[in-house]
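S.K.: What follows is the residue order along each chain.
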Amino acid sequence: MTSVSPSVVWGLIIGMAAINFAERFVPMALVSRLELPRPVLRWLSYVPIAVMGSLFATQVLMPRGEFLPPWSSPWVWAALLTGAVYYKTRSFLGATVAGMAGFVVLGKLLGT
Amino acid sequence: MTNRHFSRGVSLGFPILLGYAPVGVAFGVLAVTSGWTPFQAVLCSATAIAGAGQFIGLSVVAGGGSLSAALVATTVVNLRYVLFASTISPYLHGLSPARQAPLAFTLTDETFAVNIADRRVGLSTPASMLGVGAIAWLGWVAGTALGAYGAGWVGDPTKWGAQFAMPAMFTALCIALAENRRHVVIGVVACTLAVGLAALSRGGLRIEASWLVVVTAMAAATVGALVFDD
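First to last, the protein sequences are chains W and G.
For the first sequence, position 100 (counting from the first letter as 1) is numbered 100 according to my numbering, and the numbering increases by one without interruption.
For the second sequence, position 66 (counting from the first letter as 1) is numbered 66 according to my numbering, and the numbering increases by one without interruption.
The hints are simulated quantities; they were obtained by calculation from the structure and are not laboratory data.
Possibly wrong hints are sitting among the right ones.
[Stated by the list, open to error] Mimicking DSS-like on lysine-lysine, the simulated pairs with C-alpha atoms at most 30 Å apart in a straight line are: (1) G:LYS159 - W:LYS88; (2) W:LYS108 - G:LYS159; (3) W:LYS88 - W:LYS108.
Chain G extracted, bound-state conformation (with noise of 0.2 Å):
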C-alpha cells in the first residue's frame, strides 16, 4: 500500500526532475568554474536542495564576500519555505516529527505545490509526498552531478526548452490549483500584484524576485481571507 503511493508520488514528481536536472547543471558548472571540487558542489545540492539559496550562496562567497553574509542571503532568499511548510503542516498533523523530517528535507517551491494540489484531490499521502521529494532530490542531484563531473561536454540545455520547465509546471500547478472562483480571483490577483510591485521597483525600490512571490502571494491570501468567507 505504503509502495504503491510512493511509486505514485514518483510519477507525479517525475517533471519536477525534468525541471531540476538542467538547473542543477548550472549549479554544478558554476560551482566547479569558482574553485568548489565536483564532490563539494553535489554534496551541497545533495544537502541544502535550495535552488535560488545555493546559487546566492555561492555568488556572494565567489565574490569575495564573508561566510556570515553568504549565509545571511541563504536565509533570507529560502525563508519562504517557513510560509510553505507552515501551509503544509495542517495535513501532517499526528505524523511524528521523525516522519516530517525527510518532507521537511524535500520541501520546496515545486514539491510543495504538486504535494498541494495533489492533497486538493484527496489522493496525497505522507508516503506520495516521500515519492515526490525523493524524484524531485535525484533531480536536483543528478543534475549538480552532471555539471560538476561533466562540465566541459555537458551540452546546452536550452536547445530542448529546458528553461520552460519550471515556467510550464506553474503554469499546469495554477490550473490545478484554481479549484473554484475564489482560487482564480487570488490567483489573479497574486499575479498582478507581483506583475505591478515589480514595475514599481524598477523605479528606485529593489525587490529579489523570491521576496516578491512571498510578499505578493501574501498579500493575496489576504486579500482572499478578508474577501471570502467560509
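Here chain W stands alone, though its shape is the one from the complex (with noise of 0.2 Å):
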C-alpha cells in the first residue's frame, strides 16, 4: 500500500504523545506556581477571547483558507443563527446542533 516503515510509525506515535503532554503539561505545572504580576495576569485574561476572535475568523470567515463574501456564505449566516440561539439559550449544545442543522440547509440554498 506504502513504504511507510512501521519503525517510523512507532517513532511517530511515541513522539508525538511525549510532545504533544509536555506543551502542555510543562507551562502548566510551572506558571501555577508562580504569583503572576497583574499586567501579565491582565494580558492573560484577555487571551481567551482574542483566541476566539481568531479562531472565528478563520473558521467562519475564511473556512478553507478563502475569505467569502458574508452575504452569500452559509458559514456566516449558519454563525448568525448559532450565536442566535446561543444568546438566547445559553446552551452550547442547543447552538451547536442548530448551527449545524441550518448550514446544511443554507448550504443547500446558497451553494457550498
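Got two chains here, each in a separate frame; can you build the complex from them with the hints?
M.R.: What follows is the structure, given as C-alpha cells:
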C-alpha cells in the first residue's frame, strides 16, 4: 500500500505523545506555581477572547483558507443563527446542533 | 460533589464530542490509507489528542519526510498549547502536578475555551474540567476508531453538517467569552487582524492557519492590555 516503515510510525506515535503532553503540562505546572504580576494576569485574561476572535475569523469568515463574501456565505449565516440561539438559550449543545442543521439548509440554498 | 461536577463537565463538553468525532473519523481513514494499522491510528489519537498536529505528522511521514521533520512540524503546530496552558494555569494554583496532568493531557482549543467560559461564570472546578476533557477525548478516540476500523462503511459526515460543528462551537464561545465591551473590542481586533494577515499572506508571506491564530491572538491581547487598564 505504501512504504512508510513501521518503526517510523511507532516513532511518530511515541514522539507525538511525549511532545504534546510536554507542551501542555510543563507550562501549566510551572506557571501555576508562580505569583504572576497584575499586568501579566490582565494580558492572560484577554487571551481567550482574542483566541476565539481569531478562530472565528479562520473558521467562519475564511473556511478552507479563503475569505468568502459574508452575504452569500452559508458559514456566516449559520454562524449568525448559532450566535442567536446561544444568546437566547445559553446552551452550547443547542447552539451547535442548530448551527449544524442551519448550515445544511443554508448550504443547499446558497450553494457551498 | 466531585461526581456532580464531573458530570456537569461531561455535558458541557458534549458539543466538543459532536465536533471531534467526524474529524477523528477523517484522521482514522487517512492513517489507514497511509499504511498505518487501525490500532496505531487509535493509539495515536488516544495518546496525542492533537487534531492538527496529528494530521501534520501523518502527512509529513506519508509524503516521505523524516521522523524528525514530522516531530518538529507537530511541535510547531501545537505550540499554541503553551499559551493555553499558561493562560489556564493561574486557575490551577495549589493543584498537585499529578492532578494537573490529566487536565494538561486533554487541553485542546475547544476544552480550553469551554473551561475558560465556564470559569468566567464561576462554575468551573478541576472535576468539571476533567469531565470536559474526558468527553472530548472520547469523541476524538471513538471517531478515529470508527474511521480506522470502518473506513469502508462510514458515510459522508458532511451530509449532516459536521463540518460546521467546530465553527458553531467557536461562534457560541465568542459570545460566551465576550462579557463586556473590552472583550468585544479585543475579539473584533483579533478577528480583523486574522483576516488582514491572511490577506497579506496570500501576497507571498505564507502563514499556516494555527500560527495565524497564535500571532493575531497574542497581538490582540497585547493591544487590550495596553489600551485598557485595571
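S.K.: Would you mind marking each hint as holding or not holding in the structure?
M.R.: Hint check:
no. : hint                : verdict
1   : G:LYS159 - W:LYS88  : holds (27 Å)
2   : W:LYS108 - G:LYS159 : holds (11 Å)
3   : W:LYS88 - W:LYS108  : holds (26 Å)
The structure shown violates none of the earlier numbered hints.
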